[in-house]
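Novice: Dock chain B against the given chain A, drawing on the hints supplied.
Same order as they appear, the protein sequences are chains A and B. At position 66 of the first sequence the residue is numbered 66 (my numbering), and the sequence of numbers has no breaks. At position 38 of the second sequence the residue is numbered 38 (my numbering), and the sequence of numbers has no breaks.
Incorrect hints may have been included.
[Said to hold, decoys possible] Listed next, the stretches of chain A that the computed footprint assigns to chain B, with coverage defined by at least 3 CB atoms under 8 Å from CB atoms of chain B:
hint, stretch
1, 58-67
2, 70-81
3, 85-96
[What the hints assert, rightly or not] List of simulated lysine-lysine pairs, DSBU-like, C-alpha gap at most 35 Å:
hint, chain 1, residue 1, chain 2, residue 2
4, B, 38, B, 3
5, B, 38, B, 16
6, B, 16, B, 70
7, A, 13, B, 3
8, A, 13, B, 38
9, B, 70, B, 38
Bear in mind the hints are in silico, worked out from the structure with no lab data behind them. Virtual Cβ for every residue (Gly too), placed ideally from N, Cα, C.
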Amino acid sequence: DAGVTQSPTHLIKTRGQQVTLRCSPKSGHDTVSWYQQALGQGPQFIFQYYEEEERQRGNFPDRFSGHQFPNYSSELNVNALLLGDSALYLCASSFGTGTGNTIYFGEGSWLTVV
Amino acid sequence: AQKVTQAQTEISVVEKEDVTLDCVYETRDTTYYLFWYKQPPSGELVFLIRRNSFDEQNEISGRYSWNFQKSTSSFNFTITASQVVDSAVYFCALLQAGGTSYGKLTFGQGTILTVHP
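So here's chain A without its partners, still in its complex pose (with noise of 0.2 Å):
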């Protein structure tokens, strides 16, 4: 049973380029959330999709875009990238939204803008 799957692994943007993300949840999971997590502390929740539309979003600019797909997979775009932005993105899938349901983390991108 595969876990929650992330690509890129690494990369490297320059500034005020566009990056996207991509996770597939892991299976039976129908709920994707990113997060991003700076060095040194704690992830920090980006935005939550179910059904195909942005349930959630937490306080990030509209630079940050995402999208899920008829197969529960997402991907995360943010575009006009600063170096501030360089950070591990995480996705995590769970069964439901809200529920309680135990919430998995794929191993992350880690995005440096340079």
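Specialist: Okay, now just chain B, sitting in the frame of chain A:
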């Protein structure tokens, strides 16, 4: 607003010592869930435990145990007879089951645990 505080930024112990990681949370909800995750250097958050707000029973899993006390809004994590492989960053997190922030995990700042041989 909900908040999770892990007051211990770093803890250093010698192998076989017991160590307790503290977690204090704030929420106005009566229904919520608490989680502990372990983050090794690879970055993945490894699920350790989930506890709902109506279940105050302590839990033991091997060398790991958790003490949940609603009266003090605490959900502490103890590792007995620590091992070098326990070295990692540990996060406590709170999930609201309702309200405007349902489904969102709020994390503490994390505790860096180093176990020396």
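Novice: Taken at face value, is the distance from the CA of residue 70(B) to the CA of residue 16(B) at most 35 Å?
Specialist: Status holds; Cα separation ~30 Å.
Novice: Does residue 16(B) lie within 35 Å of residue 38(B) when you go C-alpha to C-alpha?
Specialist: holds (19 Å)
Novice: Hey, residue 13(A) versus residue 3(B), does the alpha-carbon distance stay inside 35 Å?
Specialist: Cα-Cα ~33 Å, so holds.
Novice: Can the restraint linking residue 13(A) and residue 38(B) be considered satisfied, given a maximum Cα separation of 35 Å?
Specialist: Holds, at about 28 Å.
Novice: Taking only the CA atoms, is the gap from residue 38(B) to residue 3(B) under or equal to 35 Å?
Specialist: holds (19 Å)
Novice: Under 8 Å between beta-carbons, do enough residues of the stretch 85-96 of chain A, three at least, approach chain B for the coverage claim to hold?
Specialist: holds (count 3)
Novice: Can you confirm whether chain B covers the stretch 70-81 of chain A, using C-beta to C-beta distances below 8 Å and requiring at least three such residues?
Specialist: violated (count 0)
Novice: Does residue 38(B) sit within 35 Å of residue 70(B), going by the straight-line distance between their CA atoms?
Specialist: holds (23 Å)
Novice: Per the coverage rule (Cβ-Cβ under 8 Å, at least three residues), is the stretch 58-67 of chain A covered by chain B?
Specialist: Answer violated; 1 residues pass the 8 Å Cβ test.
Going through the hint list in order, the structure does not satisfy hints 1, 2.
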